[in-house]
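Trainee: The primary structure of each chain is shown beneath.
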Amino acid sequence: MGMRLGIDIGGTFTDFILATGTGELIISKVLSTPAAPEEAVFVGVNDLAERLGLTLDAFVSDCDHIIHGTTIATNTLITRSGPTMGILHTEGFRDVLYLRDGFKPDRYNLQLEPAAPLIERYLRRGVNERILHDGTVEISLDEGSVRAALTHFRDAGVTSVAVSLLWSMINPDHERRIGEIIAEEMPEAYVALSCDILPRIREYPRACATALSAYVGPAIEDYLTRIAEFFQTHGYRRDLLIMQATGSSARVPDIQQRPVLAIGSGPAAGPPASLFIGGREQEDDLMLVEMGGTSFEASMITAGQLPKSADTELHGFPIGVAAVDVHSIGAGGGSIAWIDSGGMLRVGPQSAGASPGPACYGAGGIEATVTDANLVLGYLNEENFLGGRMQLDREAAEQALARLAEPLGMATMDVAAAIYRIVNTEMVGAMRAVSVMRGVDPRRYTVVVGGGAGGAHAAKIAQELGVRKAICPTVAGGLCAFGMLAADVGHDYLTTRPMNTGNMDIDAVNALFSDMETRALSELGAQGFAPEEIKLARFADAKYPYQSHEIIVPIPDGELGDADVQRMADSFHDTHERLYTYCLREMPVDMNGWRLTATGGLPTLPLHSESLGDGTADSAKSGSRSVYFQELGDFLDAAIFAGELLRPGMVVSGPAIVELPTTTIVVFPDHTLTVSEFGDFRIEIPQDG
Amino acid sequence: MSTTSDAANSAAREALAASASDKRSKLDPTSFAVIYNALNAVVKEMSLTFEYSAWSSIIAEARDFSCAVYDAGSPPNALCVLDGLPIHVNAQPVAISEIAKFFGTEEIHDGDVMLVNSAYYGNTHIGDFVIATPVFYEGEHLFWSAATGHHMDVGSAYRTSVPVYATDIWSEGLQISPLKIADRGVVRRDVMNMLLENVRYRDFIYGDLMSQIGSVKTGKKRLLEMLDEWDAETLRTFSSEIIDYADRRTREELASWPNGTYSSEAWVDSDGYGREHITVRCKMTIDGDQVKVDFDGSDPQGRGGINAGWATCRNSVSTAILMCIDPDIPHNEGCLQHIEVSAPKGTVVNAEWPAPTAAATIVPADTITDAVWKCLAQAIPGKAVAGCGHVTPNCVTTGIDRRDPEVEKPFGVILFNGSSGGGASAVCDGWPFMVTPGTVGGLCFAPIEIIEMHFPLVVREYQVRTDSMGAGRHIGGPGLNFILTPRGTGQIDNYGYGDGMTNPPFGLYGGLPGDGGALYRENADGTKFVVSALSYFRVREGELWCAVATGGGGYGDPLERDPLRVAADARDEFISLETATEIYGVVFTKDFVPDPEATKQRRAILSRDLTLASINPSVPGAATYYRSLVGPHDTYELNPRPPEDADATL
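For the protein sequence lines, the chains are A and B, in the order given.
With the numbering used here, you'll find the first sequence wraps up at 775, consecutive numbering, no jumps.
With the numbering used here, you'll find the second sequence wraps up at 887, consecutive numbering, no jumps.
Please keep in mind that the hints were generated in silico from the structure rather than gathered at the bench.
Incorrect hints may have been included.
[Said to hold, decoys possible] In silico DSSO-like pairs for lysine-lysine, Cα to Cα no more than 30 Å straight-line: (1) B:K281 to A:K555; (2) A:K394 to B:K520; (3) B:K458 to A:K555.
All values derive from a computational prediction rather than experimental measurement.
Put together the whole structure using the sequences plus the hints.
Mentor: Rendered as structure tokens:
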């Protein structure tokens, strides 16, 4: 088997993880080049080829699969650098994007600027037409009104057009016809139709996903074309795969059809990575705890299933797609500690970022961050940060902490301990948001640790959540790039057709699934998957009649019969009861959206395992230092281990520190770290009861 | 006439302040912050449980509910109200006090769930159900987990949970004094069934009640986990320290406000029975770190359900003040104790039993908040905001869904979509869809496609109305046109319950009032039947139901608005070209490019004749929009009331 390459572009570094044919993993990082992100990719790929002693062409043509997480879409959105864009709506509804769902955040703050819509009002136009909720045409499309709006767009310099009419997910005829008219009137324009992008009920998320697609689509198209060309020129024979917000990867043409899926591309690879690592460690219920420099990502994986949320918001805009549920908060190594006007110590969400960075980076930062606290507490080693490639400045960290200590009337060390604990509490809150708040008890889950700062915090967060087991893989520092290697290739399909279990037209359900499955087999077939290699899973958006919010529930495969209708209803009742404490078993259930997830698994990464040796880790011990432990309220002398020297079967008892080139693991008193046969660090966390 | 006042608490407050200052904080800053965040997470989870599992759109879409956690003190202190609607959470402690008082310690058991909706037992209005469960730990009652939600029906003679035409509490609907809906962990089947027998749409209400009970049970479960983690003593300490913390920050903030006495008037459109412009008179005294608000001289209570009970009065005052202090200060007794309210009994702001209070959370709550805001505008102009609309024009809409010829399904829905814009502030423009001062943007509207899927209604228009926002240096949030027609039902009955149609959102310091505010039926022949905010009217298929929401008030002189922003507003049709020139004095060369010289001249001419009002309008009945709709063939009716057999003729 050939090699597989994962590439994740981050804010500071572009990460590469190469899986060689023998299962060896090579991790490499090069500085990102935000102005032209592909540059860093070219540099990094060249570096890897050199490291392997291959020519660029020989290296690239040896890669079976190249999977890429791109920030282009996300950056286009954050920096608002997309094209001049117009949107067409049903006449009378031009303010869908402006009005959003009506909710104003930050309730008591009346001095908050109103939210800015993606498209200004003069470029949001109505066209005369109307389709009703059952798909009947009440007012046929007035093509003159479409052409008039397009003339207006052209005059205003619009180069990208979104179309989002009411009920187009039931009857797309008018949108499709408008697509044709745009092709005639503005042949150069980029076009996104809501019936293609998100055929789902609720006009705001649908319009938003469509507008986002029209906004990031042109940039994505350019970028992907360039990068796909690079690999093709150098001998790559397959399709370049792009990581999607849905947690699976897709071919470039598929992304070009639904560019919204490329927003949030990188972080979506975290859960697939956890799944893979959990899988080899025989754990099905996993909780991803990923702590980087500026953000913390949390996600739950239950029974080996990728977590999906239909209400995903990216940068304040709903995308309406069932994206991988990765909950992100502003808490990371760079999070700044500060004192509010009531005298309370707070941490984040402001981050020192990469520049100036934490005070201890010695790059001009004077504010105390979590990383500074970790250094002073002894968790980090100023001499061996990033594998010794970066020297940390302990004195600068202490000074920064002292600035907070004085007004708080606390000792510097206590401030450091408090920062550590407060940021943990916020992360615990984020973990609860994805677990307990959805009725999922985290205590039976196993934490998977990711991100450069993850190793110092995860076990403690796990402990507070009542978790007993944590796994920190050696690739924790580049978990997302690794996740891309492990993610499936896949597509999600959605058909909106309102029905009720009380009088379900089961033939129609069979027909719509058959239709989606035919498309799935053909599209994944194009990526080289034989039908038997393609996994199909069905879901329905279900709710009680008149309820507004749906729950996505799994439904049976194959030809459905009347008996399956009750099974579908029961699946909903059970889930509803588990999540919300009650259900109404006698009540028929509305099922409006029908989803199909089709995945083709890449060949499983070969597992590199070693038989377990005896338990002594003495050979990996590199020294000891004084480390603070909150549970003891004091410093202890903790043994330091070189992570790369720890072999399968070795056991490290806390208090101890395990130093790896991309992360540092704190083994707390009473915790025990064991190296598994796959080289993963398994941490056991004692819990009362 | 006697007066209700919370000034009697002064001594207690002083004692508290004294004890706060000499006791050193017992919790380390870390534990304090950890517990604070953990409580936020508890309340957030309660809210999500309620929102995601509720049935009626007023809860699931419009989010007309609030969850919170209180300690078991007397009165209960708010530990965490997170982002609850001001109009709810500032009243919840009063309702919980009444529950605690009613049952007494002997009758409050672990696993009980209590319900109350009577305004004379500390609630706001009959449509809001307060549900609370005590949290016991090691045999001791420590907390309350509570949720308030607005329900679709309360068993009134009228087909609405906001029956403003009811003239006493008995005709309003089911008055629920403190009641156990669950007893020691078991939902009482007898009580639940009795409740459902007395309301319309029993499936809806059952779903919403179970969802609300689920919310407080979820809160309780998480609080117990916190108690396991922190023990009772620590949380008790926290509960007193979070109050000190809020107290400290509020004290500091209020001390920076100028001492003085300010007065204002604000008006309720009508009482539902033809009496118009009911006046709330407000006198505010800022004295050090205390704000005293007195409503002496306010008009007598009205005949319809436009009266405030004491809880509504207090929380409408605090709502206005909390909007003007740092939003990050936790809203609990430590903060609220700095606000003293007094109001004569028998007035519209403090009605006497058995006066009806069906619409209290809007009418007169919004008018009370306006009156307080107008005083604050004089005291702290930089922090005050211009007026927000008062829900106008909203209805409870009911009918029979006949889209499926085989099943006739009665339905009722409160659509907030056509709700008013918010006021501008000294630093920015107003938001659209702020709805009312009591919710300030905390509601969502029902998506058009959800409305059309669930109900036999087709929406014709839902968008911004040009020139609806109050002009100013900062403009008010725009008003919206929300127009629909019944289809597949025959006809719909509409029970208007809003306010602020004849009294527009006020502008500040040269800013103009918001424009709009009308509710009408457009007949098949194009003529209009225009009604006042409190009203009843029927719309048949082929006719249009039209709601025109007001824009919010503007702030500052429109002639000072950045010409580029005026140009963008005109280009976006937020304002007309005529308004750009006549009100803002901006002259364009072409295509919305301001001509600086011509603009300067134009502004000089306009400013000559201008007297800037600090608060505009200063008299009742200033709105013009609804009157402008009434042409020679149209009709306007004040307070049309439903016939008693409205249901039967649907």
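Trainee: For every hint, state whether the structure bears it out.
Mentor: Structure-based check of each hint:
1. B:K281 to A:K555: Within the cut-off at roughly 27 Å; holds.
2. A:K394 to B:K520: violated, 54 Å
3. B:K458 to A:K555: holds, 24 Å
Against the hints set out earlier in the document, a violation occurs for number 2 only.
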